Amino acid sequence: MFRLIFKTLWARRRRNGWLLAELILVAVLSWIIFDPVIVVTYDRHLPLGYDADRLCMVSVGMLQPQAPGYDAQATDSASLMQAYLNIVERARQYPDVEQATPVLSFVYPGSQGSSTSSSLLAEGDTIGHDLMYVEFLPHTHFFETYGFRPGQGSMTPEELSDHTYGELNVVLSENALETLFHTSVYNNRLRCWMVNETDTVYLPVVVGTVGTFKYVSNWRPVPIAFEPVLHPDIRSSKDDMHVVIRLKEGVSMDRFLHDFKPWMVRQMRAGNLYARDLQSYDDINAAREFDGATSLYRRNLSIALFFLVNLCLGVIGTFWLQTRTRREEIGVMLSYGATPHRIRLQLLGEGVVLTTVATLVGCFLYLQYAISEGLNKGNAWMQGTASCWVDNFGLHFFIVSFIIYLILLVVVLIGIYIPAWRISNIAPTDALRDE
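All letters in the sequence shown, in the order written, are residues 0 to 434 by numbering that gives the first Met the number 0.
What the hints contain is simulated information worked out from the structure, not anything from laboratory work. One or more of the hints may lead you astray.
Once the Cα atoms are required to be at most 16 Å apart in a straight line, the calculated EDC-like pairs of lysine to aspartate or glutamate come out as [said to hold, decoys possible]: (1) 376 / 390; (2) 247 / 143; (3) 260 / 248; (4) 237 / 134; (5) 247 / 50; (6) 237 / 97; (7) 247 / 75; (8) 247 / 52; (9) 260 / 95; (10) 237 / 276; (11) 247 / 258; (12) 247 / 95.
Label pairs and their calculated CB-CB ranges [to be verified]: (13) 286 / 76: 29 to 35 Å; (14) 105 / 417: 56 to 62 Å; (15) 111 / 252: 33 to 39 Å.
Please read these numbers as outputs of a predicted model, since none were measured by experiment. Ideal Cβ positions, reconstructed from N, Cα and C, are used throughout, including at glycine.
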């Protein structure tokens, strides 16, 4: 069978040469179009790493001096902080709320903001690593409200929230711990250096760890360091006051948003502060994706789908016509006793050989470009820490090439099988008479 397939391909080498050239061009274009879509789709479907399904966020605003109810005597930092914590406590007392925490920063999981002002070095190491820094207020139920997983060997999220922090203590995500110390198991002897521009500050201890998570839902996990804010000045963060709320198990998010919003407008007011907006965390993550790279991803996905449809129509049509022109040849084969099944296998085998050769050549041509320019790395502007096929050049190239090969193979076989099935089931005299 294989010998006959290769002989037939060689005998029809002029026609098959054009088919091969078309498939090579399609393979190269498929790499350009499908690589970013495959990588970003993979990133978006990685586990988030913390329980966002029951999370929502309240944005807190401050009354303007001309607003009714404004208290000119309650504008100092201490009064504002007390009012802020009172609003958090009111949210915590709502019947459907399991826990709530203040987030006094523009940097938090799923936020638009980011902070990488310092590099960390493990004690005794000479290589620094950039981490993303997230600030939190101690003793405010921060870690359990977000639903972070406890790190191996570390305190529980509840214990991390209630820990008595000293100056310059940090909590690391597990992937940050592994990046710095090459271990995923926390112990209380871990110490490191913080390098900030030209200054070097010694950090007494890494207090604990939480499980690896995605800072942005369409990124791969990046290393995170949580910094406790021991002396917050709310006046410098008055535009970044939030309350993150975790719902009780079984509470419908849609029903909660419907019921809670009018309640918070009436009840979540203290001093010069008031609750002004409410969003589920799913909506926050979706908005972050859209403002970041979702529009680009959707464009690439639309192009990929459009290309795939045209690929199917074009390649299927080409092989359909080429197969139908072989009616006389198939009639001769039938007259010499070839079975319809064997004829279909031969035609499909020719398509498999052509597709395999074309994909190998097309991927080799694209490889020359990829070696100099690299492959797609996804949307994150920080290097991910997880061992991933996307970051392994050889594995990345093989996986995407294999996906492209499967797509081309399915399209070609569809274009061959339908007409081959029809013409292999007609009588030999009919096939020869038509010719």
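Hints versus structure:
Proximity of residue 376 to residue 390 is assessed by CA-CA distance (about 7 Å); at most 16 Å being required, the pair is judged to hold. Of the pairs offered as hints, the one joining residue 247 and residue 143 holds, with about 13 Å between alpha carbons and a cut-off of 16 Å not exceeded. Distance check on the hinted pair: residue 260 and residue 248 sit about 19 Å apart at the alpha-carbon level, beyond 16 Å; violated. A hinted pair counts as satisfied when its Cα atoms are at most 16 Å apart, and residue 237 with residue 134 qualifies at roughly 15 Å.
A distance of roughly 12 Å separates the Cα atoms of residue 247 and residue 50; the hinted pair therefore holds under the 16 Å criterion. For a cut-off of 16 Å, the pair hint linking residue 237 to residue 97 is broken: about 26 Å separates their Cα positions. Note on residue 247 and residue 75: the hinted pairing is violated, with a Cα-Cα distance of about 35 Å set against a maximum of 16 Å. For the proposed pair residue 247 and residue 52, the alpha carbon gap of about 11 Å is at most 16 Å, so the pair holds.
Of the pairs offered as hints, the one joining residue 260 and residue 95 holds, with about 13 Å between alpha carbons and a cut-off of 16 Å not exceeded. Taking the CA atoms of residue 237 and residue 276, the gap is about 15 Å. The hint holds against a cut of 16 Å. Between residue 247 and residue 258 the CA atoms are separated by roughly 15 Å; this keeps the pair inside 16 Å, and the hint holds. As the CA atoms of residue 247 and residue 95 are separated by approximately 6 Å, the hinted pair is consistent with the 16 Å bound.
The supplied range of 29 to 35 Å is met by residue 286 and residue 76, whose beta-carbon atoms lie about 30 Å from each other. The hint said 56 to 62 Å for the Cβ distance between residue 105 and residue 417, and at roughly 58 Å that hint holds. A C-beta distance of roughly 22 Å is found between residue 111 and residue 252, which places it outside the suggested range of 33 to 39 Å.
When held up to the earlier numbered hints, the structure conflicts with 3, 6, 7, 15 and fits the remainder.
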